[in-house]
Amino acid sequence: GQNIDQPTEMTATEGAIVQINCTYQTSGFNGLFWYQQHAGEAPTFLSYNVLDGLEEKGRFSSFLSRSKGYSYLLLKELQMKDSASYLCAVRSFSGGYNKLIFGAGTRLAVHP
Amino acid sequence: EPEVTQTPSHQVTQMGQEVILRCVPISNHLYFYWYRQILGQKVEFLVSFYNNEISEKSEIFDDQFSVERPDGSNFTLKIRSTKLEDSAMYFCASEGENEQYFGPGTRLTVT
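Heads up: the sequence lines are chains G and C, in that order.
For the first sequence, this note's numbering gives the first residue as 1, with consecutive numbering after it.
For the second sequence, this note's numbering gives the first residue as 1001, with consecutive numbering after it.
Treat the hints with care, since some could be wrong.
[What the hints assert, rightly or not] Subject to a maximum C-alpha distance of 30 Å in a straight line, what follows is the list of computed BS3-like cross-link-like pairs (lysine-lysine):
no. : chain 1 : residue 1 : chain 2 : residue 2
1   : C       : K1057     : G       : K81
2   : G       : K68       : C       : K1042
3   : C       : K1042     : C       : K1057
Hint data in this document are derived by calculation from the structure and do not stem from the laboratory.
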């Protein structure tokens, strides 16, 4: 079966660093995405990993270990506007096509 | 920057009525998707579409649902006879290189 786990909630302080973990068990793994979603809005793309290692993009970095079925999203220099849900999504390839399977999301609250 | 657009932003309908949700994907993309998100729950895959055909559908996507690309630009999701449990945000997405771009969503409320 397909399973994606991430913590339900996290809190952090403005200016700090936070790491959001994601573990997955899926078939046809073809990449892992992190999306940010503010309440009532669409998911917006943050990062993509298909090979093992760290991808850095400004204040956001994402890490993938395919052998461990594990990824994390690292947010640095937290700002209040970073308060949102962070969605881990695995791209699963089957029958020649991709679909995204989403975790339930981690709700991050950044406080002063 | 190209973007996916969806209309309407909010649709209210009575149980048993048909609704059509519309999406305009990014013009040079070939793969399209519908997802839904019930309030407070996770984003769920509904269906993928390529070359004017459904390529994969989830167990949620039953006979009440259909998709089509009527005119080469619009991509529609039709729900034939809505149920209360169809109330959700419906997101269209189109796929470019290594990224699925989501539209802003249509909030469907079934009363």
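Structure-based check of each hint:
1. C/K1057 x G/K81: Roughly 35 Å separates the two Cα atoms, so the pair is violated.
2. G/K68 x C/K1042: Answer holds: G/K68 to C/K1042 is near 23 Å, not above 30 Å.
3. C/K1042 x C/K1057: holds, 17 Å
Hint compliance for this structure: hint 1 alone is broken.
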